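Enquirer: Taken in sequence, the protein lines are chains U and R.
So in the numbering used here, spot 177 of the first sequence is number 177, and the numbers just go up one at a time.
So in the numbering used here, spot 16 of the second sequence is number 16, and the numbers just go up one at a time.
Source of the hints: derived by calculation from the structure; they are not laboratory data.
Small disclaimer: the values here were computed from a predicted structure and weren't measured.
Any given hint could be a false lead.
Taking beta-carbon pairs under 7 Å as the criterion, some of the chain U residues facing chain R (in silico) [said to hold, decoys possible]: (1) P66; (2) L160; (3) A164; (4) R190.
Backbone N, C-alpha and C define an ideal beta-carbon position, used for all residues, glycine too.
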Amino acid sequence: MAAMNRSIFAVASFAMIALTSGCATLIAKAPTYMLGRDTAPDYPFRTARARVDAQLGPPIETTRLPDGGHVAVYKYRARNREPNAVGKVVTEIERWFGPQLLVHPGGWGIDLLLIPIATGAAIYDVAIPPQGTVTFTYSPYGELLHYGAPPSYGPGDHALGQPAIGALRTSCSSNGERDERQYVECVTRRLAVWGILE
Amino acid sequence: MKRWLLITAVGVALSCTALARAGHQDGRILILAQPFARADALWMALAQGFFKDEQLAVTVKWVSSGADALETFERGRDGTPGFGDLVVVSEVLAVNFWQGAGDGFTVVAPLARDADGYVAVAKKEVTTASALRTKGVGAKLGSTSAWFISEYLRANGMSERNVALKHQASDYGILDWDPEQSDIAAFFVREPVATLTIQKHGDRVHRLATAKGYVHGYLLLGTWRRYLHEHPGVTERLLRALDRGRRHADEHKADVIRFASEMFGKDTAPVEADYATTERLLGIDRATLDDFRSLGRWMKDAGLLAATVDPIAMFDPEPLRRSLPDRVLTEVR
Numbered sequence: 001m002a003a004m005n006r007s008i009f010a011v012a013s014f015a016m017i018a019l020t021s022g023c024a025t026l027i028a029k030a031p032t033y034m035l036g037r038d039t040a041p042d043y044p045f046r047t048a049r050a051r052v053d054a055q056l057g058p059p060i061e062t063t064r065l066p067d068g069g070h071v072a073v074y075k076y077r078a079r080n081r082e083p084n085a086v087g088k089v090v091t092e093i094e095r096w097f098g099p100q101l102l103v104h105p106g107g108w109g110i111d112l113l114l115i116p117i118a119t120g121a122a123i124y125d126v127a128i129p130p131q132g133t134v135t136f137t138y139s140p141y142g143e144l145l146h147y148g149a150p151p152s153y154g155p156g157d158h159a160l161g162q163p164a165i166g167a168l169r170t171s172c173s174s175n176g177e178r179d180e181r182q183y184v185e186c187v188t189r190r191l192a193v194w195g196i197l198e
Numbered sequence: 001m002k003r004w005l006l007i008t009a010v011g012v013a014l015s016c017t018a019l020a021r022a023g024h025q026d027g028r029i030l031i032l033a034q035p036f037a038r039a040d041a042l043w044m045a046l047a048q049g050f051f052k053d054e055q056l057a058v059t060v061k062w063v064s065s066g067a068d069a070l071e072t073f074e075r076g077r078d079g080t081p082g083f084g085d086l087v088v089v090s091e092v093l094a095v096n097f098w099q100g101a102g103d104g105f106t107v108v109a110p111l112a113r114d115a116d117g118y119v120a121v122a123k124k125e126v127t128t129a130s131a132l133r134t135k136g137v138g139a140k141l142g143s144t145s146a147w148f149i150s151e152y153l154r155a156n157g158m159s160e161r162n163v164a165l166k167h168q169a170s171d172y173g174i175l176d177w178d179p180e181q182s183d184i185a186a187f188f189v190r191e192p193v194a195t196l197t198i199q200k201h202g203d204r205v206h207r208l209a210t211a212k213g214y215v216h217g218y219l220l221l222g223t224w225r226r227y228l229h230e231h232p233g234v235t236e237r238l239l240r241a242l243d244r245g246r247r248h249a250d251e252h253k254a255d256v257i258r259f260a261s262e263m264f265g266k267d268t269a270p271v272e273a274d275y276a277t278t279e280r281l282l283g284i285d286r287a288t289l290d291d292f293r294s295l296g297r298w299m300k301d302a303g304l305l306a307a308t309v310d311p312i313a314m315f316d317p318e319p320l321r322r323s324l325p326d327r328v329l330t331e332v333r
């Protein structure tokens, strides 16, 4: 009877270890699947600031602009892309020693020990999540204008791109300059304007 | 009888509500503009509340380049063409856009223009235009500076065929120029780059010319023609507020510089340079017509404008004529 109880205990323990094998990895990685955003929050043009504030919470920093608008910086919960250092150790142990943990009775204890460690690591990730920040510019009427702050000063000297050489030639012929000399003159002038002839 | 009176009263009430709503909607204006001091009339109209005085709720979406502004303006949103009610853009881009948009786009007013801000910086030995003959000349081709080169050479009996134009992706390329070794004899650039170049190279280079007397770079206020039809009177109010902004900007340099500093960053040297050379216009005068005829000629030479197109037709002077009648030449139609 005692021998039978030992066997049942051994089978039950093995079954439990087998069933929980890999659980520590799943627990450690859980916060990377479940919580936070992969990308910064996205709102359409002219979304009311009240709606953004309601969803993201009040901004951590607000700057008034001289045109009457505002630049507001918000924090948001970013997604953990990978487990923290402790979680990584747990997943590595399970990855490299998983089969041995099952085969050797001493490994069963280690495997069972990994679960609370992984749970602790996951709780840490959930409790102290990574923070992202996003900046929005609002109009004087509290509507979302664009991401980020206004652009910096100083547009360059705007330029139009050079038409293709074929297009330059075609437009010379379509301009009614059908005379061969006029056509050559037109093409030569255009190429010179674009620095193609030297 | 009573029933008819009731129906009439309800009809009148509904019409008044609709008109009130239309009026409210008309007051909301979205302008796409670049962070450029040539638009300081717009800056001051915003900051000093001149738009509000005209019962206008103006929002400006600042866009880093004119090309981006026009792309957004044209592309529209949610399948509806046209995003933004008005756009502030340079003359070269405006003419190009107008040509592509058919008769849909129009310019209601030049906000400002600048000639002294466009500068030819040459090696010290190049003291006349004719000394550029056969030499290399650097500029951002397809831009206002390239138009300046064309008019400068033409005024001195030459053309682009008499020099070797070298395209510069950015005006700031001139800062890598070695005046002794380079085959480029002169650069045509916009301030503050010219001043920076002269500071860097000292007496090895000099200011050969500015665009004064040749061309002006403009900043224009454009919109869709349908906007003018659908919102009668709104552009006129906008122009009146802009004119107050123009005067305020002209008289209060510190306000303009402070606006730029708080809005677009702390470095105000380029803003001061642009402020100094900006001619606040808000009108269509003789020089405007001359400039756009010259621009049209150059764009045709460059293959950028169809031969039969007259850029003057891009302007719709009526809103300006109704709001600031003395600012439009009578011959402009």
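Enquirer: Work down the list of hints and note, for each, if the structure agrees.
Expert: Taking the hints in turn, this is what the structure says about them:
The interface hint given for P66(U) is met, as the beta carbon of that residue sits about 5 Å from the closest beta carbon of chain R, less than 7 Å. Residue-level restraint check for L160(U) holds (minimum Cβ-Cβ distance to chain R is 4 Å; threshold 7 Å). Given the 7 Å rule on beta carbons, the hint for A164(U) is violated: about 10 Å separates it from the nearest Cβ of chain R. The interface hint given for R190(U) is met, as the beta carbon of that residue sits about 5 Å from the closest beta carbon of chain R, less than 7 Å.
Consistency with the previously given hints fails for number 3 only.
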